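> The hints should help you fit chains B, P and G onto chain Y, whose structure is shown.
Listed below are the residues making up each chain.
4 protein chains.
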Amino acid sequence: MKINFEHSTKLRVRYGETDQMGYCYYGNYAQYFEVGRVEAMRELGMTYKSLEERGIMLPVLHFEVYYKAPAIYDDELTITTKISELEGTRLSFDYTIVNENDKLISTAKTTLVFVNKDSMRPTPPPNDFINLISQHEIE
Amino acid sequence: MKINFEHSTKLRVRYGETDQMGYCYYGNYAQYFEVGRVEAMRELGMTYKSLEERGIMLPVLHFEVYYKAPAIYDDELTITTKISELEGTRLSFDYTIVNENDKLISTAKTTLVFVNKDSMRPTPPPNDFINLISQHEIE
Amino acid sequence: MKINFEHSTKLRVRYGETDQMGYCYYGNYAQYFEVGRVEAMRELGMTYKSLEERGIMLPVLHFEVYYKAPAIYDDELTITTKISELEGTRLSFDYTIVNENDKLISTAKTTLVFVNKDSMRPTPPPNDFINLISQHEIE
Amino acid sequence: MKINFEHSTKLRVRYGETDQMGYCYYGNYAQYFEVGRVEAMRELGMTYKSLEERGIMLPVLHFEVYYKAPAIYDDELTITTKISELEGTRLSFDYTIVNENDKLISTAKTTLVFVNKDSMRPTPPPNDFINLISQHEIE
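Residue numbers (my numbering), protein chains in the order written: chain Y, 1 to 139; chain B, 1001 to 1139; chain P, 2001 to 2139; chain G, 3001 to 3139.
Chain Y with its partners taken away, still in its complex shape (with noise of 0.2 Å):
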């Protein structure tokens, strides 16, 4: 199922975050996104942790990330998260950063699994997750 729900949350590069290049480390973007679809998430109704008390996690698969502008120390940063697929137990998400100028930082996908804690098999996820998210179907 395809999706259109996106939203947008802000974060400072801390200190120690940069490199010697003077650069935010490419390394650090992945916590970016992370804290991008955690509060989506939280937006849409459903937050992370919620899912995890009950007993679904959801490791990543794969992460894609395009590196087009450097961030630098103490810019502040808007990330736009978009989640944009639902296929069986696979969650995927879009993100774009841009800086206080606009410009563009990075774009990035990531492919999330449903994954049951104690089995540790995909699994499809919960019921009002899918109602949830159907909200934001687009055909």
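Since the hints were derived computationally from the structure, they do not count as laboratory data. Treat the hints with caution; some may be incorrect.
[What the hints assert, rightly or not] Heads up, simulated DSBU-like pairs for lysine-lysine below, C-alpha to C-alpha not over 35 Å straight-line:
no.: 1; chain 1: B; residue 1: 1117; chain 2: Y; residue 2: 109
no.: 2; chain 1: P; residue 1: 2109; chain 2: G; residue 2: 3103
no.: 3; chain 1: B; residue 1: 1049; chain 2: G; residue 2: 3109
no.: 4; chain 1: B; residue 1: 1109; chain 2: Y; residue 2: 82
None of these values were measured; they are calculated from a predicted model.
Positioned in the frame of chain Y, the structure of chains B, P and G alone reads:
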């Protein structure tokens, strides 16, 4: 130019690199691949550090990673890094990570760009680097 | 000079900051305290970023932290930072972190030193910083 | 009980561990000391991992670190870890870090507590751990 220079290095998953799923956090792999390419370049004969000292940086433009199986705390991982292509100012690396049981944990690729530290513009790689890498060119 | 300038800021524990105990990893608090002092200096009227742009760095000399109770994933923490002392070239900060239930999570202190970026030697803080901080001197 | 069990291990400063000062970020040392104590315990004869598998966790209660000289990118650091004291449920470690030129980079100490995973309460260390550690007791 297509290249086939391969090098393997080992590292252990640190406690601080796990997350509450009990897995190595997906965002920490970027550092593992960086360790892989740094050690591959050292083996090739030119450290990344020496490039920076000559005013050349190598920021990452593109990073794609597949998570095949979880890495867990204290696992000793083997990262195999292949320098796979030099195309103008861009250098590409392919990676695989396996654990002690030779189970495939992850595959990934990154594309980096040679940048002049002063102009902050893409720049051709230095001749001695091209000489080194050309010895591993495949037709 | 003893100082009493206090500022509070909030942040949320990221998934990637937890470890397999299910707690925020002890090493991640250093970044939280850094966020605390960066925001305290912004509130005081001089960003850490602007200091660096003027050729002054503030590396940490000493860091001590007590972990009183675990912070867990998705907790919204309040970091209260007190700029507590300026002694020659050294600037000290005290911190407390509480969670949403006002439970004490951590206390800490850091001592930083003003360093000239070119000479890499300790240097007195700039006069405008001393002026700002003096307004909060306590006898 | 005062203990004197010492072990040294080496690691290299990763690029992603530097910050824009060009130093290893102060917050990353916590991971280095963790590597130090994990390897010290492996050498002692009981891995931290095996303790967790038996339902015992070792969260950090107190951490103090002095930064004596900067560690920089690609430095090979030697971390010397001393298991220094077992007092009831609390285990203390002392650390020093030197670089390749034997320059002192940092000294630190941590106190950890044995905790039962189910009750989340402090618990005495297991007997086999006490036996191992007692062999290194000093008067």
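> Does each hint fit the structure? Answer for all of them.
A quick look at each hint next to the structure:
1. B:1117 <-> Y:109: holds, 30 Å
2. P:2109 <-> G:3103: holds, 26 Å
3. B:1049 <-> G:3109: holds, 31 Å
4. B:1109 <-> Y:82: holds, 24 Å
In this structure, every one of the numbered hints holds.
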